[in-house]
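Engineer: Listed below are the residues making up each chain.
Number of protein chains: 2
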Amino acid sequence: MQPSIRQVSIALAQANFKVGDIDGNLELISSAIAAAKAKNSPDKALMVVFSELALIGYPPEDLLLRPSLQHRMETALQQVANLSAGITVVVGYPWSEKGQLFNMAGVWQNGEQVAQYAKRCLPNFQVFDEQRYFTAGTETCVFEWQGHQVGLTVCEDIWHEHPVAESKAAGAELLININASPFHSGKLQQRYELLSNHAKRHQLPIVYVNQVGGQDELVFDGASFVVDASGDIFATAAEHESALTLVDFDESLNIQNGQKALAKSELASIYDTLVLGVRDYIEKNRFKGIVLGLSGGIDSALTLAIAVDAIGKDRVEAVMMPFKYTSSMSMEDAKLEADALGVSYKILPIEPMYDAFMLTLEDEFSGLAPDTTEENLQARCRGVMLMAISNKKGFMVLTTGNKSEMAVGYATLYGDMVGGYSALKDVYKILVFKLSRYRNELAASQGEAEIIPERVITRPPSAELAPDQVDEDNLPPYAILDQILEYYIEGDLSVDAIIAKGFASEDVTRVTRLVDLSEYKRRQAPVGVRMTARGFGRDRRYPITNGWKAGS
Amino acid sequence: MQPSIRQVSIALAQANFKVGDIDGNLELISSAIAAAKAKNSPDKALMVVFSELALIGYPPEDLLLRPSLQHRMETALQQVANLSAGITVVVGYPWSEKGQLFNMAGVWQNGEQVAQYAKRCLPNFQVFDEQRYFTAGTETCVFEWQGHQVGLTVCEDIWHEHPVAESKAAGAELLININASPFHSGKLQQRYELLSNHAKRHQLPIVYVNQVGGQDELVFDGASFVVDASGDIFATAAEHESALTLVDFDESLNIQNGQKALAKSELASIYDTLVLGVRDYIEKNRFKGIVLGLSGGIDSALTLAIAVDAIGKDRVEAVMMPFKYTSSMSMEDAKLEADALGVSYKILPIEPMYDAFMLTLEDEFSGLAPDTTEENLQARCRGVMLMAISNKKGFMVLTTGNKSEMAVGYATLYGDMVGGYSALKDVYKILVFKLSRYRNELAASQGEAEIIPERVITRPPSAELAPDQVDEDNLPPYAILDQILEYYIEGDLSVDAIIAKGFASEDVTRVTRLVDLSEYKRRQAPVGVRMTARGFGRDRRYPITNGWKAGS
Numbered sequence: 013m014q015p016s017i018r019q020v021s022i023a024l025a026q027a028n029f030k031v032g033d034i035d036g037n038l039e040l041i042s043s044a045i046a047a048a049k050a051k052n053s054p055d056k057a058l059m060v061v062f063s064e065l066a067l068i069g070y071p072p073e074d075l076l077l078r079p080s081l082q083h084r085m086e087t088a089l090q091q092v093a094n095l096s097a098g099i100t101v102v103v104g105y106p107w108s109e110k111g112q113l114f115n116m117a118g119v120w121q122n123g124e125q126v127a128q129y130a131k132r133c134l135p136n137f138q139v140f141d142e143q144r145y146f147t148a149g150t151e152t153c154v155f156e157w158q159g160h161q162v163g164l165t166v167c168e169d170i171w172h173e174h175p176v177a178e179s180k181a182a183g184a185e186l187l188i189n190i191n192a193s194p195f196h197s198g199k200l201q202q203r204y205e206l207l208s209n210h211a212k213r214h215q216l217p218i219v220y221v222n223q224v225g226g227q228d229e230l231v232f233d234g235a236s237f238v239v240d241a242s243g244d245i246f247a248t249a250a251e252h253e254s255a256l257t258l259v260d261f262d263e264s265l266n267i268q269n270g271q272k273a274l275a276k277s278e279l280a281s282i283y284d285t286l287v288l289g290v291r292d293y294i295e296k297n298r299f300k301g302i303v304l305g306l307s308g309g310i311d312s313a314l315t316l317a318i319a320v321d322a323i324g325k326d327r328v329e330a331v332m333m334p335f336k337y338t339s340s341m342s343m344e345d346a347k348l349e350a351d352a353l354g355v356s357y358k359i360l361p362i363e364p365m366y367d368a369f370m371l372t373l374e375d376e377f378s379g380l381a382p383d384t385t386e387e388n389l390q391a392r393c394r395g396v397m398l399m400a401i402s403n404k405k406g407f408m409v410l411t412t413g414n415k416s417e418m419a420v421g422y423a424t425l426y427g428d429m430v431g432g433y434s435a436l437k438d439v440y441k442i443l444v445f446k447l448s449r450y451r452n453e454l455a456a457s458q459g460e461a462e463i464i465p466e467r468v469i470t471r472p473p474s475a476e477l478a479p480d481q482v483d484e485d486n487l488p489p490y491a492i493l494d495q496i497l498e499y500y501i502e503g504d505l506s507v508d509a510i511i512a513k514g515f516a517s518e519d520v521t522r523v524t525r526l527v528d529l530s531e532y533k534r535r536q537a538p539v540g541v542r543m544t545a546r547g548f549g550r551d552r553r554y555p556i557t558n559g560w561k562a563g564s
Numbered sequence: 013m014q015p016s017i018r019q020v021s022i023a024l025a026q027a028n029f030k031v032g033d034i035d036g037n038l039e040l041i042s043s044a045i046a047a048a049k050a051k052n053s054p055d056k057a058l059m060v061v062f063s064e065l066a067l068i069g070y071p072p073e074d075l076l077l078r079p080s081l082q083h084r085m086e087t088a089l090q091q092v093a094n095l096s097a098g099i100t101v102v103v104g105y106p107w108s109e110k111g112q113l114f115n116m117a118g119v120w121q122n123g124e125q126v127a128q129y130a131k132r133c134l135p136n137f138q139v140f141d142e143q144r145y146f147t148a149g150t151e152t153c154v155f156e157w158q159g160h161q162v163g164l165t166v167c168e169d170i171w172h173e174h175p176v177a178e179s180k181a182a183g184a185e186l187l188i189n190i191n192a193s194p195f196h197s198g199k200l201q202q203r204y205e206l207l208s209n210h211a212k213r214h215q216l217p218i219v220y221v222n223q224v225g226g227q228d229e230l231v232f233d234g235a236s237f238v239v240d241a242s243g244d245i246f247a248t249a250a251e252h253e254s255a256l257t258l259v260d261f262d263e264s265l266n267i268q269n270g271q272k273a274l275a276k277s278e279l280a281s282i283y284d285t286l287v288l289g290v291r292d293y294i295e296k297n298r299f300k301g302i303v304l305g306l307s308g309g310i311d312s313a314l315t316l317a318i319a320v321d322a323i324g325k326d327r328v329e330a331v332m333m334p335f336k337y338t339s340s341m342s343m344e345d346a347k348l349e350a351d352a353l354g355v356s357y358k359i360l361p362i363e364p365m366y367d368a369f370m371l372t373l374e375d376e377f378s379g380l381a382p383d384t385t386e387e388n389l390q391a392r393c394r395g396v397m398l399m400a401i402s403n404k405k406g407f408m409v410l411t412t413g414n415k416s417e418m419a420v421g422y423a424t425l426y427g428d429m430v431g432g433y434s435a436l437k438d439v440y441k442i443l444v445f446k447l448s449r450y451r452n453e454l455a456a457s458q459g460e461a462e463i464i465p466e467r468v469i470t471r472p473p474s475a476e477l478a479p480d481q482v483d484e485d486n487l488p489p490y491a492i493l494d495q496i497l498e499y500y501i502e503g504d505l506s507v508d509a510i511i512a513k514g515f516a517s518e519d520v521t522r523v524t525r526l527v528d529l530s531e532y533k534r535r536q537a538p539v540g541v542r543m544t545a546r547g548f549g550r551d552r553r554y555p556i557t558n559g560w561k562a563g564s
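Residue numbers (the numbering used here), protein chains in the order written: chain W, 13 to 564; chain R, 13 to 564.
Think of the hints as simulated: they come from the structure by calculation, not from any bench.
Straight line, CA to CA, 30 Å or less: simulated DSS-like cross-link-like pairs of lysine-lysine:
(1) K300(R) with K561(W)
(2) K405(W) with K336(R)
(3) K300(R) with K358(R)
(4) K513(R) with K199(R)
(5) K276(W) with K325(W)
(6) K110(W) with K199(R)
(7) K180(W) with K199(W)
(8) K110(R) with K513(W)
(9) K325(W) with K358(W)
(10) K199(R) with K180(R)
(11) K405(R) with K358(R)
(12) K446(R) with K358(R)
(13) K336(R) with K405(R)
(14) K561(R) with K110(W)
(15) K405(R) with K561(W)
(16) K325(R) with K276(R)
(17) K300(W) with K358(W)
(18) K276(R) with K199(R)
(19) K336(W) with K405(R)
(20) K513(R) with K110(W)
(21) K325(R) with K405(R)
(22) K212(W) with K199(W)
(23) K110(R) with K561(W)
(24) K212(W) with K276(W)
(25) K513(W) with K199(W)
(26) K561(R) with K300(W)
(27) K405(W) with K561(R)
None of the values given here were measured: they were computed from a predicted structure.
Based on the provided sequences and hints, a complete structural model is requested.
Structural biologist: Next up, the structure:
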């Protein structure tokens with residue numbers, strides 16, 4: 013018997029799952045189902061759609077290899093079945109069959125599983141390692157729901173043509189795509205264009221549900237949406253927040269209540285990603301708060317603003333650790349920054365321990381000229397001080413370095429690189445400037461005082477590790493440096509190809525060589541928010557021992 | 013015309029390639045070919061076989077994504093062709109065709125390429141990520157050589173049945189298998205058994221050529237060999253050394269000059285792997301020498317012996333950094349160890365800088381009880397001191413911690429964990445004791461004095477960070493701890509399953525929890541030699557933010 017076709021509603025359940033926490037994730041699923049039921053009008057059939065691997069969170073990494081996984085999933089899916097009374101639930105989970113593990117999407121209805129689909133396209137590039145764990149599915153999945161044929165796909169499937177085309181060919185009138193799609197700059201627009209094109213080409217509305225939240229280096233930005241058969245984007249869930257967005261469809265699967273997406277500005281999107289990454293790392297790992305070194309420079313000023321926006325001023329402590337090269341301007345600015353945000357602020361000079369080290373090392377260093385050793389020693393005295401406060405108070409050290417520094421190794425291992433997490437690890441210096449201005453403008457638009465003093469943004473950056481030192485003494489100007497880095501790191505261009513873009517040969521040679529030589533530092537760096545399509549985490553896997561010549 | 017069948021000789025060219033250094037690797041290839049020609053008797057046809065991806069070294073990681081790779085390979089292969097005058101050369105290299113990259117083995121003869129084979133089985137588990145880069149080949153390759161049919165396979169292929177069976181079915185009378193097979197304990201015996209079984213089952217002699225040398229966390233142990241059609245292992249090249257082993261075959265491909273393998277003892281093999289890993293990291297990265305902290309304990313004593321065996325006593329400096337909890341026994345033993353090995357030895361007390369930190373932090377810490385903060389501070393003062401010496405002298409800090417400590421987090425980040433490389437990172441404490449005795453016995457057998465004082469091996473291990481502290485106050489005895497760790501880390505067993513093996517519930521719960529909580533420390537640890545089938549490097553990819561409960 014063909015079921016009668018009625019009006020239907022689909023809830024895009026965009027939740028902040030925690031990797032490995034199956035019980036916690038089930039609670040989020042249960043609450044979202046209850047909330048969707050409460051929001052839905054009683055005359056409409058309801059489907060609640062969760063993201064990829066929702067039950068275990070994404071990416072579970074080697075937890076997928078634990079032998080008890082399957083037993084845990086069986087138990088958890090029994091609960092999902094119980095939750096499906098009177099509605100339809102779509103959820104992602106890992107599932108083992110005949111010794112092979114699949115990245116599965118399953119559909120439950122009134123206590124019964126009515127469909128399951130194994131992800132066909134398994135990404136094994138950039139930050140993704142799915143072929144380490146999963147076997148690719150081979151079948152298209154279309155299930156019947158309220159008289160409609162609904163196709164099911166998982167994340168990467170949608171970035172290829174055949175899973176969409178084959179779903180349509182198998183009769184799908186609507187396609188569901190569940191995701192764990194991490195943010196990088198420009199990604200949202202890519203998703204919109206991709207799905208809009210699929211929808212138009214196949215005259216097929218698509219429901220796109222994404223995870224939201226931070227998980228180590230990855231931030232999932234949410235922004236779930238629906239695209240109608242003519243390719244228009246509707247009913248977009250908020251970026252960077254948990255959300256439950258109900259979309260109503262008429263009997264012909266036309267969207268009834270959608271509104272066109274209003275995406276955030278690029279800078280707002282980036283800034284909010286940084287805040288979410290920091291917040292979730294702190295909260296999911298249950299740190300009491302954040303401590304960070306405030307130098308009077310722009311990186312630590314922006315990092316402080318992110319920290320406060322992430323977890324509130326009462327849980328953030330800023331420490332200025334002056335030395336003889338610290339300018340009075342830096343002292344003043346650090347104080348202004350801490351005061352503007354209302355955080356606890358301490359001044360702890362490093363001269364006593366620096367002198368103690370140098371005195372103890374006097375014989376060891378005799379006859380050897382001062383060099384970067386003494387600069388690194390300053391940075392390391394600061395690192396040890398922050399870590400002592402961290403240990404004593406249960407506050408996590410938030411690292412303040414940016415991507416330009418991490419790229420060329422202008423950062424001291426065990427010095428300014430100490431910390432549990434890094435906000436700006438994948439943010440180039442030029443973007444640090446832009447984000448600082450953005451945050452000030454945001455404050456101004458809310459009638460608040462300047463967060464980052466103007467002269468911190470405009471004066472030449474300096475590590476203040478030697479008299480009158482400025483960064484650009486040793487490096488090309490950041491506007492040049494960042495472009496070379498982007499061509500080399502994100503673009504994988506050779507030295508010759510970058511020079512051909514119009515940069516000075518000596519700059520390109522020097523910068524790329526510094527990048528190669530600094531791999532060992534990056535390997536010991538804290539994790540930090542991935543912001544680009546090639547961050548310095550799982551995105552870029554370089555040997556330390558490396559004889560490659562960047563040249564041609 | 014069928015070529016006449018003559019006696020033939022195959023040179024197993026076991027070389028120490030450097031990742032990325034194509035020119036350097038070509039030089040090694042050129043020298044080995046010249047040496048093989050010189051060693052071969054003029055009446056025998058010669059084939060020289062190199063290891064997997066020999067031209068770029070293994071594992072090249074993301075260097076494989078660089079756009080100039082293909083051009084460089086084309087240039088390099090022209091040189092290989094030139095080197096094949098009068099002989100046959102088998103070599104591994106990455107090769108791009110129609111936008112797909114293959115892990116290729118090629119055969120050259122008299123300037124011409126006569127065969128090429130794309131690896132079919134691409135490992136994407138443990139430390140391997142080959143599916144990130146390569147497309148799997150689909151074809152069997154059998155080429156004619158001196159009237160014989162010779163099959164060609166690459167590394168992982170041989171761990172599966174079908175590439176061997178299909179080579180045989182395609183007419184192969186001899187199978188060549190080129191490898192980049194890293195050492196872990198027990199691996200050599202696995203290789204012997206595997207290839208012996210293949211050979212017997214298919215009545216097919218197999219030539220197994222492996223890379224040798226250290227590349228970041230991996231050590232390739234060499235030990236190339238030939239197995240005859242009855243499954244006997246012959247003509248084994250040395251473990252842990254570059255080697256060029258010529259094997260003569262008669263007209264029926266019976267081995268003429270083989271000798272049965274004499275494998276090293278398990279402890280010798282492990283010890284030599286550690287030495288090779290350290291040596292190649294130092295030499296390939298061009299460090300002037302090694303500096304390490306000598307505590308009087310067994311880990312640093314063994315690490316010192318490894319350092320000296322790796323690069324010689326004149327390039328190693330040991331530093332004892334006493335504090336008020338350092339026993340006089342430790343002071344005496346550290347001196348004995350340094351003297352026994354003849355290395356430079358310094359004593360640099362940490363009291364002055366420790367006191368300077370504590371005084372500066374007095375207000376910050378007021379009202380808070382002493383805890384591990386003060387212990388970590390001692391370790392960090394030592395870390396900063398070692399790094400200052402490292403920076404000033406160009407010596408790399410060799411980290412001294414072991415796998416048991418790294419597992420449960422009994423190590424201070426930025427303290428005793430500082431360093432560029434770690435010798436014992438994948439060596440459990442019980443094995444540290446065994447290796448120490450092994451090294452002393454080796455010295456005794458060579459008529460040399462004891463390297464590690466007996467009481468350093470027998471007295472209870474202590475970090476000496478608090479009065480009368482011993483490790484086993486806070487942890488189960490190492491004999492128990494190491495077993496629990498092995499079940500949890502290598503075996504992936506749940507807490508319940510480990511308890512069922514007969515361990516105390518509170519021990520298992522506590523230890524596994526410590527392992528989970530310490531992931532953030534391991535993420536910032538230096539790379540170190542992988543010794544087991546699950547080291548703490550690319551082998552074990554765990555989330556830091558992790559809600560998994562180890563329980564059932």
